[in-house]
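Undergrad: Two chains, each in its own frame: build the complex with the hints.
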Amino acid sequence: MEHKCDLCDKPAQVHEVLIKNGHKHEIHLCPECASAQGYGGAAGQLPEKIAQKMPATANPVERKASACENCGMTHAAFRRHGILGCPGCYQAFEKQLEPLISRAQGGATHHCGHVPDRHSGHLDRQLQRSRLLKQLNEAIATEQYERAAKIRDSIHGLSGPLLGEQD
Amino acid sequence: MSGWEHGTSWLGESGSDCDVVLSSRVRLARNLAGVPFVGKASDPDRNEVVGIVRRSHLFTEGNDGLTWLEMEGLSDRERMMLVERHLISHQFADATFPRGVALSPDERLSVMINEEDHLRMQSLAPGLALRDAFERVSDIRDEFESTIDFAFSARWGFLTACPTNVGCGIRFSVMLHLPGLKMTEELGRVRQAAKDLHLAVRGCHGEGSESSGDLFQISNQITLGNSEEELLDKFRDDVVPLLMKYERASRRLILDKRRTMLEDKVHRALATLGSARILGLNEGTRLLSMLRLGTCLELVEKPGLPTIHRLLLQLQPGHLSAAMGVGLEDSDEDARIVRAELVRRTIEQAG
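Keeping their order, the protein sequence lines are chains A and B. Note that our numbering has the first sequence beginning at 1, numbered continuously upward. Note that our numbering has the second sequence beginning at 1, numbered continuously upward.
So here's chain B without its partners, still in its complex pose (with noise of 0.2 Å):
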């Protein structure tokens, strides 16, 4: 074990437009020529999968070099706490077949190997920095790409399991935090436009999770008949800002017409997260959901952004079991009880 589980992920950050943004994230899914796809492949092939990937000079070079977790060597709440991260998604934490994750030191990196494709690489990074993290997954594309052939046609471009992926095989996505569409009941609407602009929207665990802390993930559906670049700027340029723009409007609508109403939402979450005995996980988001709103808002100032960041995650089951030495069941009564306890002692601490 490397270690990765005592690390402070980057989670915690903020960054550009982080009212809204929390993060941002690029995944490239490939293929490797001449290989049946994971679904249909064999064991045999899929171990075959992890040790071409794993001969790349990626996992031995220098400090930056990726440490590989294979999963079947690693526990119910270590595969939890890596969803948690967003390094790897339900569905491979939950497979029963050879699969193995590759993280960067800084964690912003994850490339899974035999997830739907036999490579899902992504770059992850806080706030709105979606040309950043393209440009660290096109490195280490091109590092792959140096030593495997992967599936590739003139026509369809590269080759995916889902054909609804092929071409780029390209997804940018944000965390947005939507609680002013939420409150103002637009939230309908904004998923209307999204289907119209060809975007999904999902939970803040992607694809078949429910949202939770008005948190939505939303990415692009397009990847064939645009280049990378193409698909980039539209996503980046016109579809973020005007998200943010409808949010930020809702917001304002909201402190306009109803400020006492807002405020006296914010104290009471503040008050509540700092003084329960017994908190459940849903509560919880909802609670820091409702500060992060008030905090963006400068309704209150205490505990602050980068906590409310850190507390989002360290409340969750994985992350809550590895701290506190709990079970993983958000119905049993310690968890709820300890983490009560580690978001009051973290919020009294920053005040």
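This is chain A alone, in the form it adopts within the complex (with noise of 0.2 Å):
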């Protein structure tokens, strides 16, 4: 069977099966919006976003962890400039950041000082946000009017002010 693109409705060529908490995700992508995603790699070699998620490592534990699944940081590109890709690497390297932090900062593992009024409430919230604001983005660059109204829905159906927006 032929896939479309999910993001423009060309023929897919890239396609990857996720397995995650025992659900099935499937993505299909066209060659174009492949490599917007990340999903380039020269002939011959596997596509770095797939190969970080392949699961044939001697600790897939570790792989997995190796880059960051909301803007792509890698743990190496990390270690080479010390600055993070986004709020989600936090959750990503979580592992590695634990030592370094704690040793930064005195011992210290945990926040003490102010929270804010009004925030996103947990991590996960605001990275689920981040990921839908990127699709509908695309959604609309793309001119998917329809896709970018369920998307803008299922964004609203998050609770809280989406980003920016006045309450």
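No wet-lab data here; the hints were simulated from the structure. There may be inaccurate statements among the hints.
[Unchecked claim] DSSO-like, lysine-lysine: derived pairs with alpha carbons at most 30 Å apart:
| no. | chain 1 | residue 1 | chain 2 | residue 2 |
| --- | --- | --- | --- | --- |
| 1 | A | K95 | B | K195 |
| 2 | B | K302 | B | K245 |
| 3 | B | K40 | A | K95 |
| 4 | A | K10 | B | K40 |
[Claimed, not checked] To give an idea of the interface, some chain A residues facing chain B are shown, with a C-beta separation under 7 Å as derived from the structure:
| no. | residue |
| --- | --- |
| 5 | Q105 |
| 6 | G106 |
| 7 | H111 |
| 8 | H114 |
[Stated by the list, open to error] Which bits of chain A does chain B cover? Going by a derived footprint, with three or more residues having C-beta under 8 Å, they are:
| no. | stretch |
| --- | --- |
| 9 | 73–87 |
| 10 | 95–103 |
Heads up, the beta-carbon is just placed ideally off N, CA and C, and yes, glycines get one too.
TA: Here you go:
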């Protein structure tokens, strides 16, 4: 069966199947959208983003943690520059960050200061919203307005106001 | 353009404990939830951040509202002047992507948008005034928080691009004048003590800058595991008094043991500043540092601290260029000639 690209309806040539928490997710992308999403790679090589998710490594847990699912930042790139890619990196690299932060912070491992009156609550929800916003922008850019409306509804379905919106 | 470049910077003022502390600063780092950090963000992301922050009513309400300066619309000279006034960082001045800075009318408050973090809010004050600076920056923090969701986790606190800033995302810092410790060759020990106390010691323009004029910026490195109030109390009540005590003790030691040598250096500095025809930036800053020390120890009366502070700013390349119409390069002989002229004239008027 021929799949259409999830983002633009062109014929899909890059296919990814993810099994997460027992649920199967399929991703189908045309070459242009695949490249834009970081699935590019030289001929004969596994695209980097797929290779990062391959379970056939000696230590699958470490392998999975080597890149942030939200922004694509790799742990190696973080080690080179010392700068994280997005708020989601704190979750993706939590195990590696724990000793580093603790050392830099005189042994402290938990926040004890100011908590904003209105924050998004759980980081998971912030990340979910971030992904939906990205998809929304892509849907608008490719004039998939029906899809954009659905994504917009999903964003509104998350509790709390949308980023930057007034109450 | 708002006319900020013609304004008088508060840097000329003197405050509490101004013999050692030139200024206090409190800076907060914040990032918008759901948006990649600045280094990883695309230009549309960065523009979106600017748009969201600028929708805050802080930019529109009343005369105390913030003035917005788009960095890409500023000349090299204007960017340099903002660095010299400590309103933006060198890295921010040199970046090439969408970014801007918001300034309060009195220039004691600035908010850099798209520096290393989406927002870097800072409050500055002359002398030792960390509590005042903290309260002022907390006020704008609350204003922004009322309309913007910041990236926050219950465990790590406010999430920052560099994980060493995580937690409160706060830096308390003071600009210290430490000529006594320099002359008694105690700076190495102070640096070691600062390291043990988890403090950063930097030059007068922050990260990556060299010290000039015996000016050092000292700041806390701990941002996690303590509340903002606890961090403020430790820094203000333990760290800064200790450094002031060391510097004052060094100055007293020099006065007791080598008073004539010190008087000679101070009066030579005043004489050179009052008569030089060509003056480089480093030489000018070094001489003003000596004159400042002599003034604080009451070895000389004129031209006085406010004038010295103003000169320390006016002889910087950006400000000199704006006032006298010369190039920005210190190697430019015209710049050195007009710098000497400016300093000479100012000292003459004050005397």
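Undergrad: With reference to the structure, classify each hint as holding or not holding.
TA: Against the structure, the hints come out as follows:
no., hint, result
1, A:K95 - B:K195, "holds (26 Å)"
2, B:K302 - B:K245, "holds (26 Å)"
3, B:K40 - A:K95, "holds (21 Å)"
4, A:K10 - B:K40, "holds (28 Å)"
5, Q105, "holds (4 Å)"
6, G106, "holds (5 Å)"
7, H111, "holds (3 Å)"
8, H114, "holds (6 Å)"
9, 73–87, "holds (count 8)"
10, 95–103, "holds (count 3)"
Every hint, counting from the list given before, is met by this structure.
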